[in-house]
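Q: If you read the protein sequences in the order shown, they are chains A and B. Going letter by letter, the first sequence gives residues 407 to 712 in the working numbering. Going letter by letter, the second sequence gives residues 3 to 179 in the working numbering.
Calculated directly from the structure, the hints in this document are not laboratory data. These figures come from a predicted structure and were not determined experimentally. Warning: the hint list may mix true and false statements.
Said to hold, decoys possible - List of simulated lysine to any residue pairs, SDA-like, C-alpha gap at most 20 Å: (1) B:K145 <-> B:D172; (2) A:K441 <-> B:F123; (3) A:K408 <-> B:T40; (4) A:K441 <-> B:I121; (5) A:K442 <-> B:L117; (6) A:K409 <-> A:R526; (7) A:K442 <-> B:M76; (8) A:K442 <-> B:T69; (9) A:K409 <-> A:I524; (10) A:K441 <-> B:P126; (11) A:K442 <-> B:R88.
Take a look at the letters that make up each chain.
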Amino acid sequence: MKKDLLSIADLSRDEITLILDTAEAMREIGQRPIKKVPTLRGKTVVNLFYEPSTRTRTSFEIAEKRLSADTLNIAVASSSVLKGETLADTALNIEAMQPDMIVLRHASSGAGHLLSRICRSRIINAGDGMHEHPTQALLDAFTIREHKRSLGGLKIAIVGDLLHSRVLRSNVRLQTALGAEVWACGPATLVPPGLDRLGVRVSTSVDEAVEGADVVMMLRIQQERMSGAFFPSLREYFNTFGLTSARVARAKPDVIIMHPGPMNRGVEIASDVADGPYSVILEQVANGVAVRMAVLYLLAGGQEGD
Amino acid sequence: MAVVLDADRIGRTLTRIAHEILERNRTLDELALIGIRTRGVPIARRIARAIHDVNGHDIPTGALDITLYRDDLMRHPVGAQPLVRRTEIPFSIDDRRILLVDDVLYTGRTIRAALDALIEFGRPRAIQLVVLVDRGHRELPIKADYVGKNVPTSLSQSVQVHLDEIDGRDEVEIRES
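Next up, chain A with everything else stripped away, as it sits in the complex (with noise of 0.2 Å):
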């Protein structure tokens, strides 16, 4: 494993397989009486987050103290984008305290490498901007993985705002990696230019998209990140393309659906779709605890070179 996770490029197929593996052990901890083991003891990880999350902060919190390591959170509530400077200092100040790890989540692309070139500290990019969301990857792999045994040769379509989507990057890279036929669809407006040389197909209808798959993936209209109009109203949005039960009987008659969180149900998903038979959403939330654990054992260790 290298210094840091910042992206899905960072690790090796057999990196994505170790951290997965790690993982399923890990789940086991969570079922125990008493939920914890001393893995990490005597290790500070600071959770660093400049945008709003209840999700990955709490996961992640849970992880850590699942490995008894001390915790720390820092949550700077503000959606502006913060100067360069700003957080390299706020960086420094915390590095100046011996942290081992910090878990950042940042609405700049990038931040966590900015972070990764200045501090000791191990990064664990938990979501940075428009770029990647490494460790949400990982989790919903292992979901797949847990329901159709490997991800080779799955269909798996990625329906929605594809633009504003750094949980699209993190996993059309590590899909691809595994073998998966990835599928990424939403409006015109939203797909990121480029986006087919990914090695992804990219289509504008959900039933082309959807249709056979495997694996139904909806991501979030992210409006808090939009400064235009990229389409005319959210229920012509939910028309065009909500995830609703005709077109889910369109994929595999096993599909699994999926969402990272937090659902707008009505845009992009039907509130009895998200709540259906073939919904894993909730799933996908109690691993990403054992993920996180998985994670934050393996970058605790040595890196090649050491």
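Assemble chain B onto chain A, guided by the hints.
A: Using the frame of chain A, we list chain B on its own:
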């Protein structure tokens, strides 16, 4: 390289240990076997089978991975982290007599880690230790209750246990390392 136990001797040794366990534990209802990964697990299963062969009693068997409890994990963070495997204890250990099973007893540090791990699953009535080979050189005050074979070794030697389930053959050998 010297073979200290061949397949036949391993088989007979485990049968003998099964009989010793039966002899020392009047009631079998509260017994459970927990093997330490990797090679303690097949040994625990074989002992369970041997006990079943004697009196038809099925003793619940689990697998314990102690990696996350090792005392040397984060001390010298050089190189990759050791592989963590699954712990599977599909029964409550509360008030049971636990037979903890490992292949080789050496420094005692693995057993220390295993005891720490076990205690977090509940409060057993007692924990007894079963090992196939005791090679000496303890660094902690730990002693086995059932020993397959005491093998005097020097610190420069290593004891290799091969089991059919994992290695395709049954053999215990000593190597100069």
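Q: With reference to the structure, classify each hint as holding or not holding.
A: Structure-based check of each hint:
Distance restraint check for B:K145 and B:D172: the Cα-Cα separation of roughly 25 Å exceeds the 20 Å cut-off, and the hinted pair is therefore not satisfied. Simply put, A:K441 and B:F123 have alpha-carbon atoms about 9 Å apart, close enough for the 20 Å limit, and the pair holds. Distance restraint check for A:K408 and B:T40: the Cα-Cα separation of roughly 28 Å exceeds the 20 Å cut-off, and the hinted pair is therefore not satisfied. A hinted pair counts as satisfied when its Cα atoms are at most 20 Å apart, and A:K441 with B:I121 qualifies at roughly 12 Å.
For the suggested pair A:K442 and B:L117, the alpha carbons sit about 15 Å apart, so the restraint of at most 20 Å is met. Using a Cα cut-off of 20 Å, the hinted pair A:K409 and A:R526 holds, with the two alpha carbons roughly 9 Å apart. Restraint check for A:K442 and B:M76: satisfied, since their Cα atoms lie roughly 17 Å apart, inside the 20 Å limit. A threshold of 20 Å between alpha carbons decides the hint, and for A:K442 with B:T69 the separation of about 13 Å falls inside it, so the pair holds.
Taking the CA atoms of A:K409 and A:I524, the gap is about 13 Å. The hint holds against a cut of 20 Å. Between A:K441 and B:P126 the alpha-carbon distance is near 18 Å, which keeps this suggested pair within the 20 Å criterion. Distance restraint check for A:K442 and B:R88: the Cα-Cα separation of roughly 15 Å lies within the 20 Å cut-off, and the hinted pair is therefore satisfied.
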